[in-house]
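Novice: Chain by chain, the residues:
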Amino acid sequence: MAEEITTTEEKTVDKDIAALLTSPPKRAPEPTPELTGKIVKPKIVQGAAAHYKPHVAKPEIQEKLGFPGTLVENWQEAAVAKMRELLGKYKSLQVYMDICVRCGSCTDKCQYFLSTRDPKNMPAGRAELFRQVYRKYFTTEGKIFGKLAGAVDFDLSLLAEWYSYFHQCSQCRRCSLYCPYGIDTAEISMAAREIMDSIGLGQKYTNEIIGKVHELGNNLGMNEAALRNAIEFVEEEIEEDTGVPVKLPINEEDAEVLLVTPSADFFATPHLESLVGYAKVFHQAGINWTLSTTAAEAGNFGMFVGSYYHMQKIASRIKQAIEELRPKRLVVGECGHAWRVAYAFWNTLIGPFDMLNQKYPRPQHICEFTLDLINRGALKIDKSANDEFVVTFHDSCNVARATRMGDKPGGQFDIPRELIKAVTNKYVDMEYDTIRERTFCCGGGGGLLTDELIDVRVKGAMPRMQALHNVMETHGVNFMALICAICKAQFTKIMPKYGIPMEVAGGVHQLVGRAIVLGAKE
Amino acid sequence: MSGLTLLYTLFAYVAIAVFLVGFLARIWKYATTPSPLKIPLTPAPVNSVGVVYRMVQEVGFFKSLFYSNRIIWIGGYLMHIALLITIVKHLRFFFKTTPAALAWITSFEIYVGFIFFGALAFLFLMRLVIDRTYYLSLMQDYVLLIFLMLIAATGILTKYYVRTDIIKVKQFVMGLVQFRPEAIPGDPIFIIHFTLVLLLLIYFPFSKLMHSGGIFFSPTRNQVDDAREVRHVTPWAVKG
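Here the protein sequences line up with chains A and P, keeping their order. Mapping the first sequence onto this note's numbering, position 240 (from 1) lands on 240, and the numbers just tick up by one. Mapping the second sequence onto this note's numbering, position 118 (from 1) lands on 118, and the numbers just tick up by one.
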């Protein structure tokens with residue numbers, strides 16, 4: 001009898017593990033939220049988002065990154081040990097585990113909660129999944145009072161919830177802005193993903209891309225020949241369009257500027273238009289610049305999975321490119337999380353940048369770079385080239401809440417706006433609660449930009465879509481300028497579902513590129 | 001010395017010791033755990049003077065909460081201010097001759113205990129009424145509020161209704177401070193009040209009340225936004 005019970009239990013566990021590791025079933029797309037122009041605080045619906053989860057990484061993807069191929073046998077023990085390690089390594093995690101008072105301030109701030117209504121998508125609700133385990137194994141309160149005090153055994157069903165809900169967080173930090181203690185759910189979701197990776201439960205999309213960038217130097221997994229082809233194609237296009245032979249130099253030694261940009265800029269639409277814009281800026285300003293095949297990727301998905309090791313390994317390619325090519329300045333293209341890693345982490349990960357010219361920020365954002373040139377009169381601009389557009393600007397979450405441009409706090413909001421206004425005649429801001437540091441994530445950040453999470457992405461974009469819809473209705477806005485490769489990919493994909501044409505989304509340097517007058521300088 | 005005095009003298013010392021050691025141990029943990037990366041929530045101050053100003057705004061005015069949720073801010077802010085004033089007023093029990101400034105502050109009758117109780121009751125109600133916080137609330141959230149409300153209620157009783165002899169209270173407290181125990185006032189309401197406070201002190205370091213010390217160690221709020229200018233390095237994060 002006793003034996004029988006054990007077998008049934010084992011079978012259930014096996015079944016649970018199998019369910020955890022299988023891909024989400026294919027479902028018909030869920031209905032897109034209605035565009036009302038309003039962002040309302042919904043009543044909670046428990047479990048409303050429990051069925052979302054990304055594909056689990058296959059063993060070969062995991063093992064390439066040094067993670068166990070599949071869920072290890074003693075996963076619970078290993079996860080608790082990893083949690084102990086991370087609590088000792090990250091002040092943020094340790095402090096944020098302890099000091100939440102569940103005041104409710106964050107509960108109506110996350111785009112995924114506002115759209116899915118699932119309380120586990122409230123920042124404190126999401127973090128609670130982590131805290132339940134923390135209390136159980138690391139607090140006196142939890143050890144004495146157990147479940148009564150919110151301490152929960154780390155079992156398979158909780159692990160399944162971790163996998164689902166920590167992949168419904170885009171690490172955009174909006175919750176941290178509104179938390180009285182600055183508790184940052186991004187830190188908690190990064191730690192959760194790092195723990196899951198360490199026990200063999202990885203997310204396919206992100207980990208596959210980390211593998212690609214280690215192998216080939218960019219997220220798209222293209223080799224040097226493909227990259228050179230793509231760039232040649234861009235050069236031909238520009239010449240066809242303008243009659244001016246604008247070059248995109250690759251691996252040029254001793255150039256003034258090394259441009260590191262997300263690899264999507266070389267292939268994807270509308271990213272490519274921004275690449276054209278950068279090239280025209282360099283060309284017209286007469287600044288000697290280069291791209292690098294070693295550092296053909298500004299993106300760094302190591303951050304999404306919380307792995308310091310992989311983030312540093314990916315970033316080390318930039319350092320290698322600097323050593324190979326000896327540029328004097330380092331400029332980063334339009335990408336939100338990449339700018340966070342570049343601005344806030346590169347100096348720690350691969351610094352100091354003593355070999356670069358100290359007169360300029362190291363690294364410098366392309367918007368800082370271009371606006372500076374315009375302000376100094378180095379570029380001839382014809383704003384009327386953008387007269388068909390009424391432009392608004394979407395502050396990318398990582399740029400807005402984790403970085404800066406220029407010398408002053410808030411430069412990350414003002415500099416892109418000044419740049420847009422310098423190349424267009426018609427500019428309108430979206431609603432107060434959805435811009436600057438209060439901006440919403442596009443819905444596809446933090447490793448969520450994958451097809452099987454499309455319903456989460458469509459919903460996550462809801463607040464931004466409402467605000468955009470408003471300015472489209474009231475001000476005739478027909479262009480939302482972006483400075484992030486993920487925002488661009490996300491919006492062009494999901495906007496049509498809201499009935500908004502994908503052409504409404506485009507890069508800031510797309511506008512810059514259109515307005516630059518090429519040719520001999522006066 | 002009566003058995004009751006002995007019991008409460010020991011209880012008080014144990015509670016204070018647990019509080020101090022526990023609190024400082026937690027703070028030590030927060031202070032010594034490294035922050036490998038720069039993660040200030042931007043826009044952030046670009047120098048340490050700015051960080052102090054940011055902290056003052058957060059700790060002194062609950063700025064983030066103010067801009068986030070005005071209702072919770074009102075309840076929370078009133079509660080904390082009332083608590084602060086109450087603690088300051090209680091300091092007079094710890095001085096042989098009350099300092100003039102303290103006496104002056106204490107001389108205002110602003111019914112702060114009632115404000116404290118009212119704010120706590122309001123926060124309790126909000127927890128129940130808002131479906132999002134009702135979902136989040138754990139046993140300890142309610143227990144703490146009830147605990148504080150009981151402390152407030154018994155305090156109010158000793159002050160306005162079943163008046164306790166505060167000269168005797170002062171003698172007892174001074175005795176504790178000077179390590180020569182005096183008799184505890186036998187007034188049951190006072191004893192309940194005092195017991196609850198000691199229990200709260202013991203629970204403090206193990207609870208969410210650590211937000212009081214923890215906020216100062218929150219990296220998103222206490223870091224300077226200077227990642228490009230100053231290389232931030234912590235021991236484990238340096239590549240070996």
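Hints are computed from structural coordinates only; laboratory data are not their basis. Take the hints with a grain of salt, since some may be wrong.
What the hints assert, rightly or not - Pairs of lysine-lysine, BS3-like flavour, derived with a Cα cap of 27 angstroms:
id, chain 1, residue 1, chain 2, residue 2
1, P, Lys63, A, Lys136
2, P, Lys208, P, Lys63
3, A, Lys380, A, Lys313
4, A, Lys143, P, Lys208
Novice: Could you run down the list of hints and mark each one as holding or not?
Specialist: Status of the hints after comparison with the structure:
1. Lys63(P) / Lys136(A): violated (33 angstroms)
2. Lys208(P) / Lys63(P): Since the Cα atoms of Lys208(P) and Lys63(P) sit roughly 20 angstroms apart, the hinted pair holds (cutoff 27 angstroms).
3. Lys380(A) / Lys313(A): Between Lys380(A) and Lys313(A) the Cα gap is close to 40 angstroms, so the pair fails against 27 angstroms, i.e. violated.
4. Lys143(A) / Lys208(P): holds (15 angstroms)
In the structure shown, a violation is registered for the earlier hints numbered 1 and 3, in ascending order.
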